[in-house]
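Undergrad: Sequence:
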Amino acid sequence: MRTISKDIIGLIGQEVTIEGWLHKKRLLGGLTFINVRDRGGLTQVVIKDKDEVEKLRGLQIGTVLRVTGVAKEEPRAPGGAELHDAKLEVMVPVTEEPPIEIDKPLSHKSENLDTLFEHRSIGLRNLQETKIFMIRSEILRYIREFLYSQDFTEINTPKIVAGDAEGGAAVFKLDYFGKEATLAQSPQLYKQIMVGVFERVFEIGPAFRAELSATTRHLSEVTMLDVEFGFIKDHDDVLKLLQELVFNVLTRLYSEHADELKSLNAPELTLKPEFPRYTMAQIHEMYQKATGKDMSGELDLTPEEEKWICEYAKKNDGCEAVFATGLPESKMKFYHMKGENGTARSGDLLFRGIEISTVPQREHRHEDLIQQMKDAGVDVTAPGFASYIAAFKHGLPPHGGFGFGIDRLTEKAIGLGNVKEAVLFPRDINRLAP
RNA sequence: GGGCUCGUAGUGAAGUCGGCCUAUCACGCCUCCCUGUCACGGAGGAGAUCGCCGGUUCGAAUCCGGUCGGGCCCGCCA
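So in this note's numbering the end of the first sequence lands on 436, straight run, no missing numbers.
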């Protein structure tokens, strides 16, 4: 019977067998400590028998072991317990020295990220690296639990799609049995269609972006949370749902994983249930007043302004998340709903200096949608649009939703410097492997 | 697409306006010592044709040109 490391504390006095990877050796002469890693963490094993220690000679970190010993309560051991009188069995010997260390912090300096990703399969065994992805897993779990509690249904939509459906982002083209297809840049059209079926849907999946962008916040393959729900009263309903989701997920993360976040040097969380809201025009004006730089000619916020408004909101509103509303109509997509004074009913959610989400209300009226598509130069007869338009023709209620970057949220929740650090195997303009 | 930068043992760094470099340090690795370590400690050792190609020079890690590979910012985008 195999015991998992975190359960040893409950089996004091009993003989237990653990299986895992040799994580660290410390030879002190007549006494040897080894750490064995399994899915529950590390177990410290104390070995006094020289013959048992000899079994590890020539074997490197990563060697897979079966260890049988007696569980002892020991305040000096990590976790309060350790194994004594251990017998070792080498299940998979490893003689190759690891290319990257796993028991000391790895360099996350931007110029060293390439090494980090090159040796990803080993580096991820470093407990500090593992924590990043444990936290990412928890963020996904909290998101799902919140949305289930709000009666949402999780869906999966195709990632191979016909043509350039949405517009905006650059797409990857591929040959699909002789036809031209693209990798989906977003589940936008499908999730709207599904509002006509389930009312409330969400999807967590990949989206592909072919922009030639090489920055700390861009990936060619991102993981998006896409939410869409019907029977909204107004745009405010959409902003409120996102606000509640983000507040719920982040406060839960910071309370349930305080230790891990602290060990990763994550900043303190400053958040309020009601996120401050500023219009794009207001932000341009406030930024100009503060810095003297005039950005009013820009339709969108510049990266510098995004950082600035987040700092401002943290200091003056006590909240690191902030909505930028009143996106200019000229920047809106054909499926967004027009607002007042040449703006779209849309907003951006910014957190710790970066855009995490775009939050629009959709145009649900069939005739108006068709007109907006034509105005945007979209071919409404293209095969990719037929079933989309049909959903509207057969009745879609007022609805809205948002796309939401999981990678960016994970990065910023932990306080990392580059979105790629929050991705197991990042894809960017230079990297296709591992 | 534009601009700016970087490339030195397995890993992270120092040295870079020509010579004191037979290339320095830390971690890791190997050998030995060490009975409470937990980034263990101590002694010794191996490991680098300084990304690659060419040039200048008596002499190049260091200067010049090219090339390949990274990184950061802008634009685009989320």
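I should point out that these hints are in silico values taken from the structure, not numbers from a laboratory. Warning: the hint list may mix true and false statements.
In silico DSSO-like cross-links for lysine-lysine, where the CA-CA straight-line distance does not exceed 27 Å [as the list claims (entries may be wrong)]:
1. 317 to 335
2. 264 to 295
3. 335 to 395
4. 52 to 26
5. 335 to 264
6. 317 to 295
7. 50 to 133
8. 52 to 27
9. 161 to 395
10. 335 to 242
11. 274 to 291
12. 291 to 264
13. 235 to 291
14. 26 to 161
15. 133 to 106
16. 340 to 317
17. 133 to 264
18. 26 to 74
19. 57 to 106
20. 175 to 26
21. 52 to 89
22. 340 to 316
23. 111 to 74
24. 309 to 335
Computed beta-carbon distance windows for the label pairs [claimed, not checked]:
25. 427 to 19: 30 to 36 Å
26. 100 to 427: 14 to 20 Å
27. 8 to 389: 48 to 54 Å
28. 344 to 317: 40 to 46 Å
29. 216 to 152: 35 to 41 Å
30. 3 to 153: 38 to 44 Å
31. 378 to 153: 51 to 57 Å
32. 399 to 313: 36 to 42 Å
33. 155 to 293: 27 to 33 Å
34. 152 to 292: 44 to 50 Å
35. 216 to 11: 26 to 32 Å
36. 147 to 4: 26 to 32 Å
37. 239 to 135: 19 to 25 Å
All of these numbers come straight from a predicted model, not from anything done at the bench. Note that CB positions come from ideal geometry on N, CA and C, so glycine has one too.
Undergrad: Starting from the range 48 to 54 Å, see whether the pair residue 8 and residue 389 falls in it by beta-carbon distance.
TA: Given about 49 Å between the Cβ atoms, the range holds.
Undergrad: Going straight from one Cα to the other, do residue 309 and residue 335 come out at no more than 27 Å?
TA: 25 Å, holds
Undergrad: Check the hint pairing residue 235 with residue 291 against an upper bound of 27 Å on the C-alpha distance.
TA: This hinted pair is violated, its Cα atoms lying about 36 Å apart.
Undergrad: Starting from the hint 51 to 57 Å, judge whether the C-beta atoms of residue 378 and residue 153 obey it.
TA: 33 Å, violated
Undergrad: Range first: 19 to 25 Å. Now tell me if the beta carbons of residue 239 and residue 135 are that far apart.
TA: 33 Å, violated
Undergrad: Taking only the CA atoms, is the gap from residue 26 to residue 74 under or equal to 27 Å?
TA: Judged against 27 Å, a Cα distance of about 20 Å means the pair holds.
Undergrad: Quick one, are residue 340 and residue 317 close enough, alpha carbons at most 27 Å?
TA: Violated, because 32 Å separates the two Cα atoms, which is more than 27 Å.
Undergrad: For a C-alpha distance cap of 27 Å, please report whether residue 317 and residue 295 respect it.
TA: 20 Å, holds
Undergrad: CB of residue 147 to CB of residue 4, is that within 26 to 32 Å?
TA: 30 Å, holds
Undergrad: For residue 427 and residue 19, compare the CB-CB distance with the range 30 to 36 Å and indicate the outcome.
TA: Given range 30 to 36 Å: holds, Cβ gap about 33 Å.
Undergrad: Taking the CB of residue 216 and the CB of residue 11, does the distance hold inside 26 to 32 Å?
TA: 48 Å, violated
Undergrad: Could you say whether the range 27 to 33 Å given as a hint is met by the Cβ separation of residue 155 and residue 293?
TA: Between residue 155 and residue 293, where Cβ atoms are some 46 Å apart, the hint is violated.
Hints 1, 2, 5, 7, 12, 13, 14, 16, 20, 22, 23, 28, 31, 33, 34, 35, 37, counting from the list given before, are not met by this structure.
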